[in-house]
Amino acid sequence: MNARYGRSPVVLVVHGHHAVRRALCERIRASFANFQVLEASAIDDALYMVEAEHIDVVLIDGEGSGINGLKGTRAILERAPTTSVIVMSSHGEPAGSSAASLGAMAFVSKRAIGSELMQVLQDLMKEREAKQRGR
Numbered sequence: 001m002n003a004r005y006g007r008s009p010v011v012l013v014v015h016g017h018h019a020v021r022r023a024l025c026e027r028i029r030a031s032f033a034n035f036q037v038l039e040a041s042a043i044d045d046a047l048y049m050v051e052a053e054h055i056d057v058v059l060i061d062g063e064g065s066g067i068n069g070l071k072g073t074r075a076i077l078e079r080a081p082t083t084s085v086i087v088m089s090s091h092g093e094p095a096g097s098s099a100a101s102l103g104a105m106a107f108v109s110k111r112a113i114g115s116e117l118m119q120v121l122q123d124l125m126k127e128r129e130a131k132q133r134g135r
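Using this note's numbering, read the sequence shown as starting at 1 and increasing by one per residue.
Since the hints were derived computationally from the structure, they do not count as laboratory data.
Given the structure is predicted, the values throughout are model-derived calculations rather than measurements.
No residue lacks a Cβ here, since even glycine has one placed at the ideal position from N, Cα and C.
Fair warning: there could be bad hints in the mix.
[Said to hold, decoys possible] Quick list of simulated restraints, FRET-style, between CB atoms:
1. A130 to D44: 28 to 36 Å
2. K131 to G16: 16 to 24 Å
3. R29 to S109: 18 to 26 Å
4. R111 to G16: 28 to 36 Å
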């Protein structure tokens, strides 16, 4: 699965808890050997990274202090509209302010990370690849 221009897809994991962020990064690396996986502990770092590099997918925590995943989704997409955002939360998707309404490509429950996230990433990359071939 190659992203734009034949390079490896770049995934940015944004989560405030170091152990959780590292576990997510390792899980993605183990499932997708060709992915480049970056990480940020705060939305400010993530925004800098999406402006400085071409990020294909941002996996963002929908909870936490500061700008949460929903506001962070909006900020990321304002700076990098071609980036796909996946929001994850243990509380379920908030009514009235869904991740999809803000432009996120997917919402993943933290309770189902193991079973859902890898499938969502795989489907998302296949979809992006198909769009690129169609151009």
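We went through each hint and held it up to the structure:
Range check, A130 to D44: Cβ separation about 34 Å, and the 28 to 36 Å hint holds. Take K131 and G16: their Cβ atoms lie about 32 Å apart, and the range 16 to 24 Å is violated. Distance hint for R29 and S109: a CB-CB separation of about 22 Å, consistent with the stated range 18 to 26 Å. Roughly 18 Å separates the CB atoms of R111 and G16, a value that falls outside the hinted 28 to 36 Å.
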